[in-house]
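Chains A and B, in that order, give the protein sequences. As numbered in the numbering used here, residues 1 to 337 make up the first sequence, in order. As numbered in the numbering used here, residues 338 to 675 make up the second sequence, in order.
Derived from the structure by calculation, the hints contain no laboratory data. All values reported here derive from a predicted model rather than from experimental measurement. Check the hints yourself; a few may be wrong.
[Claimed, not checked] Where chain A lies over chain B, by a calculated footprint (3+ residues, C-beta under 8 angstroms):
| # | stretch |
| --- | --- |
| 1 | 400–409 |
| 2 | 456–462 |
| 3 | 611–618 |
Glycine is no exception: its CB is placed at the ideal position from the N, C-alpha and C atoms.
One letter stands for each residue in the lines below.
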Amino acid sequence: MKTTSALDRRGLSDDHLRELFRTMLLQRQLDNRGFQLNRQGKVPFALGSEGHEALQAGAALAFERGKDILAPYYRDLGLCLGVGMTPYEIMLSIFARAADHNGGRQFPNHYSSKKLGILSFSSILAAHIPHAVGAAYAIVYRAEKGRAVLCTCGDGTTSEGEWHESVNFASVHRLPIVFLVENNLWAISTPIEKQMAQPEIWKRAAGYGIPGKRFDGFDPVETYACVKEALERARSGGGPTLLEGVCYRFLAHSTDDNDMTYRTKDEVTENRKSDPVPRFEAQLVEAGVLSEEEASAMKRAVLQETNDATDRAEAMPFPSATDLYENIYEGAWQPWQ
Amino acid sequence: MAMTTSEKTASSQTMNNVEAVRATLYEALKNDDRVVILGEDVGARGNVFLITKDFIDEFGPTRVIDTPIAEASIVGIAVGMAMEGLRPIAEIQFADFIYPSFNQIVGEAAKTRYRSNGEYTCPLVIRTPYGGGVRGALSHSVSIEALFYHVPGLKIVAPAFPADVKGLLNAAIDDPDPVLFLEHKKTYRLIKGDVPNGHYTIPIGKANVLKEGSQLSVVSYGLYVHWALEAAQSLEAEGVSVEVIDLRSIRPMDRSAILQSVEKTRKLLVIHEDNKFGGIGAEISAMVAEEALFSLDAPIRRLCAPDVPAMGYAETLEHEFMSSPAKMAATMRDLARF
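Bound conformation, chain A alone (with noise of 0.2 angstroms):
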């Protein structure tokens, strides 16, 4: 179990330090939000995130607005807000509504927008990992100075051949592009041990001649560093970089899962004591960096944020019956011409 230590802020203003904090409780709110909207019977399906939220917070304030490319997967709903997705647009996603960015066609935590540079993805693990280094190798060959690539998967997205292939080819040809693997112990139902005789997935890093880095995934400034980091030395030419950070899924894998079936409660009890979200409050405010009562007024705002992107998006439509046959090519599309 790890402790409670003191902040180290590694640079970071106390703005930043709360925005980290207030990402961090908006990431839980809404993720817990679509489990409740589940068991309520209002949507079909959601996916946890619970446990990745220093991770994922962390890793959004290293990424650049406006410059940088994010290829997600589904489980970054907290890196997704952290880049500039709102809760409204988050809640259309799991209410798959006509506004949604993909129009209620993917499943809940898939977003895409071109506006915030976050690639399209499907559910098909370690899929989106050569897109990303299809779009670092568009970078490079346009000299455009300054950008990356940030891609993040789970552990058992390790697995894939795509994984290895696409890190092989950014690191053949030295692209801008950060591999952040968010490991949370879990591939649904089977632990790290049965993915992988070595469980230490930085030190791939080795194989490829790339930097690899391990780092405390409950711990979003310790993340941020690591990021910011990578991401820098990709920016100006240092090539990839291999990030494994170190978390844990308290939820099961989604709504229709039952990880009771196959790991205990006490072993998510023993990890839930070292819950990211409570410990970053405690060390912020024992920092004075956030009072008892600013950490309760932010998370009232953050409730009510939440509260009002459900009604909000609740109240609008599903895409009309006919945008099925839309946007399958361009233009009006028949298979007989």
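Since the structure of chain A is provided, determine the placement of chain B on it from the hints.
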């Protein structure tokens, strides 16, 4: 750059299919900075059929990319390039090697526009040599079109003549959506023809009536369209009049060209090198049965490969798998007499 040509005129040049692919790719690299070529051995080696020979010297390794041997990521990286504004032309060295990239083609490229509701697109060309009759054995001979033509979001072309190769490859490169560009490898050097100079496109989804006829319609594509034409011409002497349609595009497919022909001849024979079950002929037959059953004077016929996993390396096994102009002529004769 000097193109290898056997003849030159002011408005066209005679070239084979390999030369047509090469000339078109060269022009694309020259005319559009967004175009990059990536694949196995496309750079220093200049592709195993020498299609991209010397390109790397003129356009550099950033635009002509020798990739690691990893087909899934060749297509996947090209998808990412396309999403970020480049115009990648990915090469799969042999169609038989395309299976590792199946998800990137079917699950990713073909669904990028759809799943992002038009926010992201995937203007990507995937070129690959396919087909047999070259002693290519199990893993250098396959036809893959039926595995992909089921997939909305993807376009598939399979030109047979050099002029169509150029026009359709230009159309594929210009296309805002992913196109699987199939090149029959036996036609690469076997088939020569006049190719107009300058940039032109042939619309994807348009068939070509190669020979008009009155007694039956033959629909084919790729190598077999040449053999079907040869067979149809040989039957002229017997007074059998066969119409031959070159599909050129497999998805979308030219419905009206097929129906117009069948309404006229009242008989349909589909010929393809791929095996029959679930092949391209199945969809054409179903469509004609739905749309023009009462125009037919005979059951629809399909002349296809036997339902076996692949042609073998041994000459006898390849020969048994492949059709021939003589077998095609026999089937045409038989159907004409029905």
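Each hint tested on the structure:
1. Counting residues of the stretch 400–409 of chain B whose beta-carbon sits less than 8 angstroms from any beta-carbon of chain A gives 4, enough to reach three: the coverage restraint holds.
2. Counting residues of the stretch 456–462 of chain B whose C-beta lies closer than 8 angstroms to any C-beta of chain A gives 3; at least three are required, and the coverage claim holds.
3. Using a Cβ-Cβ cut-off of 8 angstroms, 0 residues of the stretch 611–618 of chain B lie near chain A, which falls short of the minimum of three, so the contact claim is violated.
Comparing the model with each numbered hint stated earlier shows that hint 3 is the single one that does not hold.
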